[in-house]
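Undergrad: Sequence:
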Amino acid sequence: MLGKIALEEAWAIPENFKAYDPTTLAPKGVIGGDLASNLLDVHGTRLAQMDENGVDLMVLSLSSPGVQGEADPEAAAALATLANDRMSDEVAKNPARFAGMVSVAMHDPAVAAAELKRCFEEKKGFVGCMVNDFQTVRDQDGKEGMLFYDSGEYDVFWAEAERVGCPVYVHPRAASGPIHEMMWKGRPWLEFSALGYAQRVAMHVLGIVTSGVLDRHPKLKIVMGHMGEHIPYDLYRIDHKLNRARFADMPMRKDRCIRDYFGSQLFITTSGHFSTPALMCAVQEVGIRAVMFSIDYPFESIPNGSVWFDEYVKMNGRDLVDVGRNNALDVFPRLAGDYHGLKRMSPTECQVGGIGIRKEDHGRAMVEYGLYNESWDKREVRR
Numbered sequence: 006m007l008g009k010i011a012l013e014e015a016w017a018i019p020e021n022f023k024a025y026d027p028t029t030l031a032p033k034g035v036i037g038g039d040l041a042s043n044l045l046d047v048h049g050t051r052l053a054q055m056d057e058n059g060v061d062l063m064v065l066s067l068s069s070p071g072v073q074g075e076a077d078p079e080a081a082a083a084l085a086t087l088a089n090d091r092m093s094d095e096v097a098k099n100p101a102r103f104a105g106m107v108s109v110a111m112h113d114p115a116v117a118a119a120e121l122k123r124c125f126e127e128k129k130g131f132v133g134c135m136v137n138d139f140q141t142v143r144d145q146d147g148k149e150g151m152l153f154y155d156s157g158e159y160d161v162f163w164a165e166a167e168r169v170g171c172p173v174y175v176h177p178r179a180a181s182g183p184i185h186e187m188m189w190k191g192r193p194w195l196e197f198s199a200l201g202y203a204q205r206v207a208m209h210v211l212g213i214v215t216s217g218v219l220d221r222h223p224k225l226k227i228v229m230g231h232m233g234e235h236i237p238y239d240l241y242r243i244d245h246k247l248n249r250a251r252f253a254d255m256p257m258r259k260d261r262c263i264r265d266y267f268g269s270q271l272f273i274t275t276s277g278h279f280s281t282p283a284l285m286c287a288v289q290e291v292g293i294r295a296v297m298f299s300i301d302y303p304f305e306s307i308p309n310g311s312v313w314f315d316e317y318v319k320m321n322g323r324d325l326v327d328v329g330r331n332n333a334l335d336v337f338p339r340l341a342g343d344y345h346g347l348k349r350m351s352p353t354e355c356q357v358g359g360i361g362i363r364k365e366d367h368g369r370a371m372v373e374y375g376l377y378n379e380s381w382d383k384r385e386v387r388r
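When the letters of the sequence shown are read in order and numbered with my numbering, they come out as residues 6 to 388.
Simulated from the structure, these hints should not be mistaken for laboratory data. Be aware that one or more of the hints could be misleading.
[Said to hold, decoys possible] List time: in silico BS3-like cross-link candidates among lysine-lysine, alpha-carbon distance up to 27 Å:
| hint | residue 1 | residue 2 |
| --- | --- | --- |
| 1 | K128 | K148 |
| 2 | K98 | K122 |
| 3 | K23 | K148 |
[Claimed, not checked] Here are the in silico distance ranges between beta carbons for each label pair:
| hint | residue 1 | residue 2 | range |
| --- | --- | --- | --- |
| 4 | A253 | A41 | 35 to 41 Å |
| 5 | D382 | L52 | 35 to 41 Å |
| 6 | K33 | V312 | 36 to 42 Å |
| 7 | S156 | K98 | 35 to 41 Å |
| 8 | K246 | E385 | 50 to 56 Å |
| 9 | M187 | K98 | 41 to 47 Å |
Cβ atoms here follow ideal geometry from the backbone N, Cα and C, with glycine treated the same way.
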């Protein structure tokens, strides 16, 4: 499929590596060769692989934990400002192919709201905001703690995101010191992508929804990656067990279930979860309008994610193009603005449906349906 939009694609600045060493995730060569170099690169290898795999645009975000990993409020706010200024400059080099997510320090919701406002109103290139799960904090005794964003004091941040039309992407991060010690010490292979990331983000997002944040801010949009961080597959049990007779004080609207928010305020992406059965299950549970394509580069392979979506996902062409492109334009409307200039595309334009072999007819590009292989006697590579 041509014209794909990828929404959860990591990027870094050297200053971010002072608190976060990406090589600790895996030995060099295990994740895409030189992971640090791939994170820093935008317009070289990354763009070349996008061209080779039908990825029209990538939305970049500061690599996790980013600002959420900085315990000092002033240092975190400074890192957010620096990263956002660099992001805007990077996107400006090629806004037709790249956009950015705002980074915010979440120690103080008013500070986070002010930075979001600055980026959306004074800078160019931003289409959403990414928070890497909880915000690390440290008390006077040096004890590490965690801030979540489902309490009423964070309404000032959510209200600003709603006002400027900024979707908020909740992304995973590593566990904090005390949680790491209590849950994951001795089983590090489960702490990250295999289980821990999804477990923590699912708790956080469900906390946001059940605390009534989406009800108080009905135009706010929340996005999760990795095929919904396990939530779509547990959705029946989640809604079944959030029994209002048991939890009469739960702030979420009493006439709604969790599934009612999907497709209007809750959305998921396929980042790093390239399973066709899982995708089809998610579509059945949350609806086609709630699902969007993503890769999770450079932690995942651009060709691998693209070949999976282009060749192994079997759904009708219109749904495939909606997941691969058009849904993102609805959820992130700034992508369709003048700066990035993306348009909705049809299956024919994306070379989806029929066969999509290009033939010239009086100078016009044509699609001949039913012709699986243009050559009579030689198998051709489909691009």
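Undergrad: Against the structure shown, which of the earlier numbered hints fail to hold, in ascending order?
TA: Failing hints, ascending: 1, 4 and 6.
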